[in-house]
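There are 2 protein chains.
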Amino acid sequence: MSKEMTTKDGKPFDRTNLESLMKRRLFYTPAFDIYGGVSGLYDYGPPGCALTNAIVDIWRKHFVLKENMLEVDCTMLTPYEVLKTSGHVDKFADWMCKDPKTGEIFRADHLVEEVLEARLKGDKEARGIKVEEEKEDPKKKKKKVGKVAAVKLEDAVVQEYEEILAKIDNYNGEELGLLMKKYDIKNPATNGELEPPVAFNLMFQTTIGPSSNLPGYLRPETAQGQFLNFAKLLEFNQQSMPFASASIGKSFRNEISPRAGLLRVREFLMAEIEHFVDPEGGKKHPRFEEVKDVELELLNREIQLAGKTHVETTKIGKAVETGLVDNETLGYFLARIQLFLLRIGADPKKIRFRQHMANEMAHYAADCWDAELLTSYGWIECVGCADRSAYDLSVHMKKTGAQLVVREARKEPLKIEEWQVELDKKKFGPKFKKDGKAVEAAIEALSQDLREKLSLDLEKEGKITVEVKGVGDGQVEVPKELIAIEKRTRIENVREYIPNVIEPSFGIGRIVYSICEHNYWTRENDEARGVLSFPPTVAPTKVLIVPLSSHSDFKPFVRQVSDKLADIGVSSRVDDSGASIGKRYSRNDELGTPLGITIDFQSVKDNTFTLRDRDSTKQVRASLDEICKVISSLVDGSKQWSDVASRLPAFEGQEVD
Amino acid sequence: MSKEMTTKDGKPFDRTNLESLMKRRLFYTPAFDIYGGVSGLYDYGPPGCALTNAIVDIWRKHFVLKENMLEVDCTMLTPYEVLKTSGHVDKFADWMCKDPKTGEIFRADHLVEEVLEARLKGDKEARGIKVEEEKEDPKKKKKKVGKVAAVKLEDAVVQEYEEILAKIDNYNGEELGLLMKKYDIKNPATNGELEPPVAFNLMFQTTIGPSSNLPGYLRPETAQGQFLNFAKLLEFNQQSMPFASASIGKSFRNEISPRAGLLRVREFLMAEIEHFVDPEGGKKHPRFEEVKDVELELLNREIQLAGKTHVETTKIGKAVETGLVDNETLGYFLARIQLFLLRIGADPKKIRFRQHMANEMAHYAADCWDAELLTSYGWIECVGCADRSAYDLSVHMKKTGAQLVVREARKEPLKIEEWQVELDKKKFGPKFKKDGKAVEAAIEALSQDLREKLSLDLEKEGKITVEVKGVGDGQVEVPKELIAIEKRTRIENVREYIPNVIEPSFGIGRIVYSICEHNYWTRENDEARGVLSFPPTVAPTKVLIVPLSSHSDFKPFVRQVSDKLADIGVSSRVDDSGASIGKRYSRNDELGTPLGITIDFQSVKDNTFTLRDRDSTKQVRASLDEICKVISSLVDGSKQWSDVASRLPAFEGQEVD
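So the sequence lines, in the order shown, correspond to chains E and S.
When we follow the UniProt record's numbering, the leftmost residue of the first sequence carries the number 1, and every step to the right adds one.
When we follow the UniProt record's numbering, the leftmost residue of the second sequence carries the number 1, and every step to the right adds one.
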């Protein structure tokens with residue numbers, strides 16, 4: 001992050017102010033605060049919760065409703081066996097080092113990163129180079145490494161450090177251990193020796209039921225429940241392919257040492273889609289045509305290897321055509337993800353799509369693109385769009401024997417040449433007695449290659465010798481009177497395949513935080529007056545109701561307006577405190593409330609009210625019915641304030657900006 | 001359950017048919033089914049998930065939006081300390097017995113219950129009394145006790161058994177152990193001796209973070225997070241009382257041996273309200289007036305002790321007036337709960353409110369009323385409405401020192417006569433040296449009674465003797481030169497109190513299941529054709545789109561209708577299979593789809609469509625815009641089908657019932 005972050009109106013962005021606003025106005029708060037808190041756990045207060053709900057609601061309309069996805073809600077508690085099969089028990093881990101003296105635990109990659117960064121900084125100081133401000137550092141809160149002395153490093157060492165930092169995400173435990181030894185990295189507080197890195201599984205473990213023999217975990221993703229129900233979902237979808245399932249729910253990740261506020265937490269809301277598609281035929285998508293002209297900033301692997309961090313936007317249709325993006329289905333979702341992010345208020349200049357490098361992908365992924373949002377913490381992965389190929393369905397099918405496959409009638413029957421065996425079963429009983437069944441089974445199980453070989457034996461020697469475990473010495477002779485082996489053609493009318501899965505996976509908490517950064521600015525005339533310019537569809541509270549004063553004449557009108565808004569499903573908040581109207585609006589700027597209704601003496605006389613727009617501070621005046629109609633259309637996104645302002649009479653009676 | 005359950009149209013209700021429909025159509029399914037399943041864990045498939053979402057959405061509008069409740073979303077992971085303080089670590093447990101030979105574990109109360117019930121049944125058989133059918137038994141699936149021999153019991157024993165069964169929920173572990181000894185209750189399968197009952201805590205335990213020193217649990221209720229944030233929420237509400245917080249989320253209960261399908265599960269969705277109210281002044285509610293004429297069936301403690309299981313309905317206004325229900329706030333929520341249940345489609349004849357007996361309440365409750373829905377499993381507690389008094393806020397405040405209190409200016413200042421102590425602090429140092437502060441603190445901490453007594457000592461003896469731990473021998477003399485104790489009047493302008501909490505707590509899974517039972521019936525002409533008559537507001541899918549045939553002329557119309565519905569936020573499902581239109585509607589009766597749009601040749605000509613009502617099977621015909629407008633108003637609950645039928649022309653072209 002070399003360039004300074006700016007707000008929508010081009011002023012410098014100040015994270016400290018935003019985070020202080022968000023905590024003060026209870027968007028979120030550390031969980032169990034009065035007990036001292038638990039790192040990596042946050043509660044969402046009323047505005048944060050409403051904002052999240054609104055984003056989830058739009059997500060459901062944008063994806064689930066629009067494409068008739070099959071939404072499911074699966075349990076978070078997951079037995080060991082399932083996550084063992086999926087690979088999470090073995091591979092969902094980070095590397096940690098323990099200080100045997102203090103008992104302190106460090107995440108190995110973070111420690112190496114912080115120590116080398118601190119040394120590079122000391123080096124710069126020693127060279128008299130100006131060092132950047134601390135406040136843009138994502139690890140500020142949890143940083144374990146303090147300032148180090150200004151020591152000049154050899155040029156070669158600087159280069160080594162920089163190379164290590166560039167690929168810090170790619171080292172395994174052993175490699176991290178070697179780095180720590182080579183560069184003498186110890187407990188920064190005590191300079192104590194650390195134990196070598198060991199794998200720490202990131203799943204929360206528990207026991208299901210009263211006896212301790214059913215270990216389980218809290219799910220690390222919502223995906224597994226969708227995979228396990230694949231056969232039932234396909235049936236529900238009347239065997240029709242492609243289709244998608246979707247799920248919205250909490251997942252868990254027992255971070256070794258959480259940092260960066262809402263961006264890396266131990267319990268988080270995910271919204272995941274599993275789109276099941278035929279791996280043959282280029283993974284086409286039936287609605288690709290609708291999005292082909294959407295323009296995206298796409299950084300694929302080659303572009304990143306060429307050292308670029310920014311490229312011109314490309315139409316997704318063209319990107320798929322040229323192979324920049326692998327296939328239509330992947331391309332379709334990248335475009336739909338961008339449309340969603342724009343719909344909820346992301347800044348179009350702060351969205352990009354970055355392909356994972358081969359070594360940074362999760363164990364199940366064949367390919368992965370992240371939708372990243374630019375924040376003061378840098379580019380943040382908010383949506384992963386992975387091609388999980390047939391990985392998950394295959395491993396669960398292998399483990400359980402469940403048929404997680406699609407069967408479809410072939411348009412053209414498939415002709416298969418193969419070696420077929422024919423047995424004269426009547427003669428098997430008399431010859432082999434009780435072993436008859438075992439011999440039959442052993443013959444049926446013979447591979448094509450063996451059958452071909454045995455057909456020659458049969459021709460030459462008039463008998464074959466077959467291995468049958470547990471019968472005699474294990475070698476059984478079958479004479480040609482009992483068996484024929486011939487090459488024949490079989491016609492297959494049904495095709496069977498394991499679908500591939502394209503998985504757009506949304507971290508809702510990260511999106512919520514990023515949207516707050518993208519929509520934060522301060523009024524021209526007052527730097528302390530923060531405004532969150534959420535679109536009305538997303539805003540936590542839609543309408544602020546302000547009576548001119550606490551005069552009792554206004555009370556029935558306050559109730560009338562508030563009830564009417566609740567009836568049409570619009571959230572509102574009354575502020576009948578003694579503060580000035582301007583002050584009351586200003587307080588609600590911080591909550592991102594897009595609309596305000598003022599109740600004044602004119603309202604008491606003729607039952608008309610003024611409606612105010614947060615961003616322009618302009619007002620119009622109309623009857624309550626008219627105002628409610630306008631509010632509905634702004635809140636459902638079908639109208640903009642400009643439409644309203646051009647239709648209803650402006651009101652300039654009071655200064656309330 | 002003596003009387004036979006009936007459907008809305010008065011026919012016998014068949015649970016087996018409904019449960020088979022719900023599993024077949026994927027309302028729910030055992031979780032991890034392909035791995036053999038885990039008892040007490042279920043996944044919701046598309047219709048169950050959509051039904052749940054719709055009910056949650058209405059809940060949010062009915063409660064949160066209508067009363068400006070402060071919705072929060074707190075973490076499920078909860079550290080030990082919090083649940084130790086709340087009492088859950090010690091008291092949230094069931095009693096279990098282990099068979100030391102087989103390792104099998106039984107829930108003690110369930111085992112006693114099942115064994116005694118089986119013996120009573122055997123007795124009836126021996127007496128030649130007809131025994132009820134098995135299928136109404138809620139424990140059918142998990143029953144561990146088989147049929148027992150027809151043995152006649154003594155009349156006195158029969159009476160003893162019946163008395164025990166009537167209060168089976170109220171025995172503690174020791175008492176259950178005694179019952180098992182007295183009545184020779186053993187492992188029913190092996191007749192092996194069981195170990196005495198031990199407490200089994202029902203919370204799932206885990207460890208937060210990499211070191212094992214932060215044990216935690218999955219929350220057993222959403223309430224604690226709301227209590228811990230009380231001070232911040234009060235601040236957010238601009239210090240105004242009363243107010244309510246609300247939360248919707250999963251909670252967990254590690255049942256010893258789950259049974260009764262969706263009614264007793266290990267992971268479940270709750271919606272909880274914590275309404276904070278001043279304990280003084282009769283717990284009035286500002287909106288009570290609006291509900292006072294709502295009629296409820298109210299079984300309070302006295303009525304139950306009188307042996308009644310059914311009473312006439314009473315207006316809630318009258319019930320509060322006569323003390324049948326304790327206060328306005330409790331009464332307000334009982335009425336609002338009933339209105340909610342009716343709004344989502346509960347059968348008004350199958351709702352009642354039952355007050356808990358003193359010995360069946362949770363450890364935190366001062367009073368509790370359950371909203372119960374009648375199902376084939378009997379009356380099921382679906383909503384608890386507890387008065388938790390100041391229990392939770394008090395214990396957390398005591399533990400953490402956080403000020404979980406309300407401070408408000410008194411209208412009339414309060415005059416308090418009290419014994420005040422005045423110290424001449426300048427003389428304390430010279431006299432007591434380093435112990436000065438400790439002596440001061442001990443004096444300030446003296447109770448009013450002690451101060452009164454000491455004022456007499458001071459007068460008589462010119463000095464007082466005070467206990468001060470750690471100073472000299474613990475007895476310190478203070479001469480009158482250093483201290484004065486006098487009775488004075490203090491004026492208190494601020495009142496400080498810990499609010500009481502009224503908690504309506506909804507088990508969404510139980511409500512979902514009960515609503516399915518209440519809305520299930522079969523068509524007159526075909527018993528096999530199950531219908532779920534959900535109100536359009538609640539139905540999982542709102543509209544079925546059926547082209548007359550799979551003719552390609554219809555395809556663009558299908559897409560047009562489907563997209564248009566998605567745009568107005570209405571869920572639809574297309575059935576373009578080859579089945580007859582009647583068959584396709586019938587399949588969607590099972591999903592409870594209330595509306596159907598048929599696309600026929602007339603549609604291709606003039607872009608009009610027919611709209612069909614599920615329950616009456618009547619149809620109207622209109623343009624797509626007109627039909628969408630009608631659908632919107634049916635789905636948001638502002639119109640009924642009768643309104644539509646009276647306004648739009650009926651269509652009787654095809655028979656599609």
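Be careful, since some hints might not be right.
Copies of the same chain are indistinguishable here, so a pair counts whether it falls within one copy or spans any two.
Claimed, not checked - In silico SDA-like links for lysine to any residue, alpha-carbon gap of 20 Å or less: (1) 433 to 466; (2) 292 to 90; (3) 350 to 363; (4) 433 to 471; (5) 555 to 623.
No wet-lab data here; the hints were simulated from the structure.
Just so you know, these numbers come straight off a predicted model, no measurement behind them.
Honestly, which of those hints from before does the structure not fit?
2, 3
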